[in-house]
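**Q** Protein chains in written order, with the numbering used here: chain A, 1 to 263; chain B, 1 to 267.
In case anyone wonders, no lab produced these hints; they're calculated from the structure. This list has only true hints and no planted wrong ones.
Stretch by stretch, here's where chain B covers chain A in the computed footprint (C-beta under 8 Å, at least three residues):
1. 14 to 26
2. 113 to 119
3. 205 to 218
4. 226 to 233
Dumping the calculated DSSO-like pairs for lysine-lysine here, alpha-carbon to alpha-carbon at most 27 Å:
5. Lys5/A - Lys97/B
6. Lys156/B - Lys250/A
7. Lys97/B - Lys10/A
Reference listing, derived: stretches of chain A covered by chain B, where coverage requires no fewer than 3 residues with Cβ under 8 Å from a Cβ of chain B:
8. 100 to 110
9. 183 to 195
By construction, the Cβ of each residue, glycine as well, lies at the ideal position given by its N, Cα and C atoms.
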Amino acid sequence: MVAPKLRLKKLLRFLFPILVLLILWELLVDFKILNPKLLPSPSNIAVTMYQLSIPNFLLIIYLLRSLYRLAIGYGIGIAIGIPLGILMGTSKHLYKLVSPVLSMLISIPTIAWVPLFLIIIGIGDETIILTIFLGCFFCIVYNTMHGVRSVNKELIWAAKMTGANRITIFAKVILPGALVSIITGLRLAIGYSWRALVGAEMLASITGGIGFMIYAARATFATNIMFTGLFIIALGGLLIDRFILGTVEKRTVEKWGMIRRIE
Amino acid sequence: MKLKESIETIIYFFISIGIILVGWEAFSRLNILSPSLISRPSEIFAVLYDLLSKTAPSGMPLLLAHIYSSLYRLLYAYLIALAIGIGLGILMGQNDKVYWFFEPLITLALPIPGIAWAPIFMVWLGFGDPTILTVGVLAAFFPIVYNTAAGVRSIKKELIWAAQSMGADEKTIFFKVLLPASLGYIFTGIKLGLARGWRTIIAVEMIAGTLWGLGFMIYDAREYLRPSIIYAGIIVLAVTYFVIEGLIKLLEKRTIEKWGMVRKEAI
Chain A
1 MVAPKLRLKK LLRFLFPILV LLILWELLVD FKILNPKLLP SPSNIAVTMY
51 QLSIPNFLLI IYLLRSLYRL AIGYGIGIAI GIPLGILMGT SKHLYKLVSP
101 VLSMLISIPT IAWVPLFLII IGIGDETIIL TIFLGCFFCI VYNTMHGVRS
151 VNKELIWAAK MTGANRITIF AKVILPGALV SIITGLRLAI GYSWRALVGA
201 EMLASITGGI GFMIYAARAT FATNIMFTGL FIIALGGLLI DRFILGTVEK
251 RTVEKWGMIR RIE
Chain B
1 MKLKESIETI IYFFISIGII LVGWEAFSRL NILSPSLISR PSEIFAVLYD
51 LLSKTAPSGM PLLLAHIYSS LYRLLYAYLI ALAIGIGLGI LMGQNDKVYW
101 FFEPLITLAL PIPGIAWAPI FMVWLGFGDP TILTVGVLAA FFPIVYNTAA
151 GVRSIKKELI WAAQSMGADE KTIFFKVLLP ASLGYIFTGI KLGLARGWRT
201 IIAVEMIAGT LWGLGFMIYD AREYLRPSII YAGIIVLAVT YFVIEGLIKL
251 LEKRTIEKWG MVRKEAI
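Bound conformation, chain A alone (with noise of 0.2 Å):
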């Protein structure tokens, strides 16, 4: 009873300070102080949202594209990080061949490669869901090799006295054992997606995106346009984080009880 009352407490202590926020904002630049050639009100960024979003599905078909390249990178970054990962991890030497460059790879801006991409492909989707998945892969095999070496090595002998064999000892000693690490690789490539779809969509894009419609808006000085993009990018990277991999994390890791905290 107590729990959806105490819900709405949070969200609306949450929204508070950014409604104070967007009244000043607003009351600044309806005032003139700030130039609102180069500061939109958020009245005008509102009624530009409604504006591309209604009437012609712009914004909705944009945000989709996006989406989509993200789904594809980092589907494909899953599909092959995991099962690579699992694989560099069971290898002793293979772990440790891997695990310096793997580190260093990772170090390197995503979006550095896409200058690259632009030589090899060209500009489109091909390179923009290519760097995605760069943004991502690095990350998913390197925290799913951690997880993996990281099983108690006393477990596993101890399901091998008790005769399991080797698809039961994967797959109920290994791969629950190095879940919380594969999860959090997960939860960050997302973060490390997001932000490469952004750049990418930049510097490769010609056929639409967010990061597109941002950059696009630059030629014009259309602000409004670009915070409007903002906006948009700020929401999708929350829900995505909070909503699809934090209810991820909730029904798996946490509910057996092997949360561990990250940033």
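Place chain B on chain A using the hints.
**A** Below, chain B without anything else, positioned relative to chain A:
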């Protein structure tokens, strides 16, 4: 034991890098990879040498001038972000009202990729350093303030009460209880902020850079279809960040690890 481990890591690292380079070169020589698109390692090293032997107008080798530009931008942006981020973070940690006001705003701004701010600041501030620095500060600031606030708030009230009941004044509590106890979190933020700031500065250099900076160098090479310069740039980026990160880790080892306050974390 520790020394042996790190030597082992280094050996493994060079073995794997060696395998990659030799394999790459071999594939390229066998014409399996097109050398005009995927440059050979030998060519990349030749380009690196070339970039080091040519001098910029300032008298520095060309490559070093690019690295220098990126690094001083990182330094300034990072220092500003640290000062504001840790300051506000501690304030948020100590004062509930401040926390409840800024927390939603930071939560909303944290997932925004630094580069998404770039077009707006390009309209406001134009090309070059002002834009690159500002966006760099923004990118590094949010993880720092977020983790600092979380760290200060994670301190058990009992610790502060204990100090208070023993007669410690505000200043002592701050320096002897609050700061040391939240340092683990703060360091997480510092490292995360560094990574984000670095990535963002390189990215913004690509779209708003003027003549210098590693990001600019890489993006400029695209115009002349010189993939070897891009590869060289990527290698330099990796090595440069490796060094910076090494310095931060050294600092961490000398301080919080020694004091036993390190937190486990993922990469």
